[in-house]
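Visitor: So you can see what is in the structure, the chains are spelled out below.
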Amino acid sequence: MTASKPPRSLKKKTRLGENVIQAFFFFCGFVSIFTTLGIVLALGSQALRFFGEPDINPIELITSIKWSPNIGEIGIWPLVTSTLMTTLLALLVAIPLGLAAAIYLSEYATPKVRNTLKPILEILAGVPTVVYGYFALTFMTPFLRSIFGTDIVKIYNMASAGLVCGIMIIPLICSMSEDALRAVPRSLREGSFGLGATKLETSLKVVLPAALSGVIAAIVVGTSRAVGETMIMATAAGAGPNFTFNPFESAETMAGHIVRISGGDIDYNSIDYTSIFIVGLTLFLMTLGLNFLSRYFVNKYREVYE
Amino acid sequence: MKNNIASRNRTAKIGQSVMFGSTLFALVALVALLLNVVNRSFGNVIVRREMEASAFSPTPLDQLSRDDLAALVKRIADSDDYEGLTRGAYRRMDLEKPFAERSKDDIIGIINERLIKEEVVTSFTMWQTVFDQAGMNAELAKLNKSLKVGSPEGRIEFRSWINSRFFTQTMGSVAENSGIRVAILGSLAVIALTMLLALPIGIGAAIYLEEYAVKSRLNDLIQTNITNLAGVPSIIYGMLGLFVFVRALESFTSGAMFGITDSNGRTVLSAGLTMSLLVLPIIIINAQEAIRAVPNSLRQASYGIGATKWETIRDHIMPAALPGIMTGTILAMSRAMGETAPMVVIGASTFIVSDPTGPFSKFTTLPIQIYTWTAQPDEQFRNIAAAAILVLLVTLLSLNMIAILLRNRFSK
Amino acid sequence: MQPQKQNSKPKEQKMLAEKASIFYGSFRAVADVTLPVYERQITAIIGPSGCGKSTLLRAFNRMNDLVQGARVDGKVLLDGEDIYGAEVDAVAVRRRVGMVFQRPNPFPKSIYDNVAYGVRLGNSRISKPELDSIVEQSLRGAALWDEVKDKLKSSGTALSGGQQQRLCIARAIAVQPDVLLMDEPCSALDPIATIKIEELMQTLKERYTIMIVTHNMQQASRASDYTVMMMMRADRAGEMIEFDETKRIFTNPRDKRTEDYVSGRFG
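Protein chains in written order, with the working numbering: chain A, 117 to 422; chain B, 123 to 534; chain C, 15 to 281.
These are computed hints drawn from the structure, not numbers from a lab. A hint or two may mislead.
As the list claims (entries may be wrong) - Calculated pairs, DSSO-like style, for lysine-lysine (alpha carbon to alpha carbon, straight line, at most 27 Å):
1) K337(B) / K128(A)
2) K196(B) / K226(B)
3) K128(A) / K234(A)
4) K239(B) / K267(B)
5) K163(C) / K123(C)
6) K261(C) / K210(C)
7) K315(A) / K135(B)
8) K337(B) / K416(A)
9) K127(A) / K33(C)
10) K165(C) / K123(C)
11) K128(A) / K261(C)
12) K163(C) / K219(C)
13) K33(C) / K270(C)
14) K219(C) / K25(C)
15) K142(C) / K123(C)
16) K261(C) / K25(C)
17) K89(C) / K33(C)
18) K135(B) / K321(A)
19) K234(A) / K135(B)
20) K239(B) / K196(B)
21) K129(A) / K228(A)
22) K89(C) / K129(A)
23) K89(C) / K163(C)
24) K127(A) / K89(C)
25) K89(C) / K210(C)
26) K142(C) / K165(C)
27) K270(C) / K128(A)
28) K123(C) / K25(C)
29) K167(C) / K142(C)
30) K142(C) / K163(C)
31) K228(A) / K135(B)
32) K270(B) / K239(B)
33) K219(B) / K484(B)
To be verified - Residues from chain B that face chain C, not an exhaustive set, calculated with beta carbons under 10 Å:
34) A154
35) Q422
36) G426
37) K431
38) E433
The beta-carbon is built from N, C-alpha and C at its ideal position, and this holds for glycine as well.
If we strip away everything but chain A, and leave its shape as in the complex, we get:
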């Protein structure tokens, strides 16, 4: 170390590499914006093209109950109702089971039990949906048919697809709800125990209400997943739009419809091609709305406890 240090300039240096790298990182951040723009552009432009077709009366989209675009019938209801039916069935399975599991894991389970059960839920969450589809078709459907009779339950039916979809979203609802339950401060539980409440009473009447907005957020996210679920529906719910509220009937959901139509050799100038984009747009708006709703509820519980 020399005693006299060379005077070192404080002048700004141009660090070209540094600027290039920063520009690259900014570009990376911006790719996600392009993705969203791409989605909106893709769905929007083709939907407009669809409505521009000569035989199409846009209002029929929500007034008719028949979907068969190549002969001019464009009522989207059959696809929407079957989507809502399967979603409802899925939630009937996933809300009670997922929530009960969340309460158990957060309020009852010892760390050891928790560390054993959590990975199982994680594995269940990591199973590809096409595998759930196989499960629905080769296990759930025969199971339902053996209970309710083969005359009543069709080979392809909404019940089987919906119930299996419910199993699929259990881990999601469970882990999000558990996070919300664990965020409830201890003092609240202690207050309840101090009044002589049992653990069950404390869990259900004190902790659960306190975590309610987080639990609702979990349910909403689960709903969004069920609405957008594709492969289970395409495999097990049936091909062909059907306006029915009988869960044992076969009826195609929105996502299932998109997969079936686009899976074939599709002519890019046909009305079939543009019609799937109107279905896609509807699906996108539904899930987007649900996602915003869940964010609202998440922020609400974060405000309270964090």
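Use these hints to put chains B and C onto chain A, whose structure you have.
Guide: Chains B and C alone, transformed into the frame defined by chain A:
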């Protein structure tokens, strides 16, 4: 009062059991799912064959070498004893592709197809195989009674639908001759491309948001947008890919721009681009968490010594965040590996016999095969679908295991 | 607020804050500080918690730049040049004004690499023998060489707290700065390690100008040549209420609040 407490305690007990049962349901479902797949991956079948291999070869075929098999075929053809493989047929096949160049599986395939003519008539589940001997025998008897006199009788054999040929064969018109070779190669190609594109961009975006972005409207928008994209159904990404990559950029994704003429936009490249957009939010969100977990003291130490921002990121933040980023990467990879819907939408081929050779090849993936085979009415296709699911699940489980190990190893 | 007549020969000003105010967004954290920092002297900053001592210290090497919305009004001169000037590079400032932090924060790298890191950044083509010699001199300079010379390849984070802090000092002086800023460098250390750092400061001041923030009155009175007393105003901005030779601050301060503080009546 006392009664009241007793009944409340009883309710509490029941409630606890109900909740424990609900938690166990996940385990039950997982076991049912796996058993259902295993149940159909192995089991007895009823097969009929025109002749047994022992008629012309004392040693089982798969124990012979490639050259022995080629010689065997030649000997059979020269003898002209068998209708299925005459001298003329041999010459035609040799012209198509010389036997000297054909692989062992290829030659066995020819023998099966022309001489043995194996046909799986019925397949049984593992459960039936173990517990329902009588039922299987009845089925066999019924079949044999219905056959014409002189045609080969059926017999019951055990079959593992996962076998070495399942991995090496391409697709076939019947389940026994179908394999997942092309699908596995296709999956690997798509995932490699996906990761190649999504990793640098995803990590770059995370670095931007955590280290460079100041609080502003634009950056808030980027962050919100990424969270939203994570919740968009995968099929919508498929439609994006169909519209942008398959159609609008067809000349690029089909390779026409580079002089490739025999292809359309439904290529490995389109699939990789689509998939990378799909996994991007997963990679970004995980990488952000990993970067956020790097202690601030490390940044200060680096800046305090006169390191620039990039030097700090490169030398200190990235190495410290790496395990977390790796975990996210593996999660994204397993997501890409199991994703089906967007691949169907952008037009993965459902029947394809040639391996993907590059980014401009047509392709199929393992989940696509599973979906296609599940949709076939033939029971045997359900069997190979189950076998393919087993392969997929084992791969995914090992990946997840690595992710969990990584996480446990590096989290204090 | 110049120090009163000095009894020793006049010192040169290495750095000078001129009416420096530090803002976080619209909040003024430090108000109007004018403070000379004399070359090869130790200047201590004392004052009750939250009065902006660390914030002021960090203004001398632009570490506050890293906090979003932070801004400095006024001037901070280094050898007469304003380090907040439009043409000035913050990275270059930090290479001449090094910093040691409250908690020892060695890089999770080997002892050798910890010291060599900053040197390599400035000169990527430096030869191995040259680098070796800088590492050795820096570690000697930080009074750590004898303890670590046999384990230069082992991790810096495996050292004891006091050793880690001296490693951080070695790392800082390896790039040959002019000034060393120390932000409560002993607050996380035991008394024996603290004494070692204080002794080290006395050797270091032969070469470097040192500024130190401390909570410890004894440390300020023992180890520093000049002392700055800071207080929080009613609007929560920190202000400098007195600056003088340390001896005078601790024996005969001009401000009543300083007297109360150094005698332990509050703070």
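Visitor: So, for every hint listed, does it hold in this structure?
Guide: Do the hints match the structure? See the list:
| no. | hint | in the structure |
| --- | --- | --- |
| 1 | K337(B) / K128(A) | holds (25 Å) |
| 2 | K196(B) / K226(B) | holds (14 Å) |
| 3 | K128(A) / K234(A) | violated (54 Å) |
| 4 | K239(B) / K267(B) | holds (20 Å) |
| 5 | K163(C) / K123(C) | holds (16 Å) |
| 6 | K261(C) / K210(C) | holds (22 Å) |
| 7 | K315(A) / K135(B) | holds (9 Å) |
| 8 | K337(B) / K416(A) | holds (22 Å) |
| 9 | K127(A) / K33(C) | holds (23 Å) |
| 10 | K165(C) / K123(C) | holds (12 Å) |
| 11 | K128(A) / K261(C) | violated (40 Å) |
| 12 | K163(C) / K219(C) | holds (24 Å) |
| 13 | K33(C) / K270(C) | holds (23 Å) |
| 14 | K219(C) / K25(C) | holds (13 Å) |
| 15 | K142(C) / K123(C) | holds (18 Å) |
| 16 | K261(C) / K25(C) | holds (16 Å) |
| 17 | K89(C) / K33(C) | holds (7 Å) |
| 18 | K135(B) / K321(A) | holds (16 Å) |
| 19 | K234(A) / K135(B) | holds (23 Å) |
| 20 | K239(B) / K196(B) | holds (18 Å) |
| 21 | K129(A) / K228(A) | violated (57 Å) |
| 22 | K89(C) / K129(A) | holds (21 Å) |
| 23 | K89(C) / K163(C) | violated (42 Å) |
| 24 | K127(A) / K89(C) | holds (16 Å) |
| 25 | K89(C) / K210(C) | violated (35 Å) |
| 26 | K142(C) / K165(C) | holds (18 Å) |
| 27 | K270(C) / K128(A) | violated (44 Å) |
| 28 | K123(C) / K25(C) | violated (39 Å) |
| 29 | K167(C) / K142(C) | holds (15 Å) |
| 30 | K142(C) / K163(C) | holds (16 Å) |
| 31 | K228(A) / K135(B) | holds (20 Å) |
| 32 | K270(B) / K239(B) | holds (17 Å) |
| 33 | K219(B) / K484(B) | holds (23 Å) |
| 34 | A154 | violated (46 Å) |
| 35 | Q422 | holds (6 Å) |
| 36 | G426 | holds (4 Å) |
| 37 | K431 | holds (9 Å) |
| 38 | E433 | holds (6 Å) |
Consistency with the previously given hints fails for numbers 3, 11, 21, 23, 25, 27, 28 and 34, ordered from lowest to highest.
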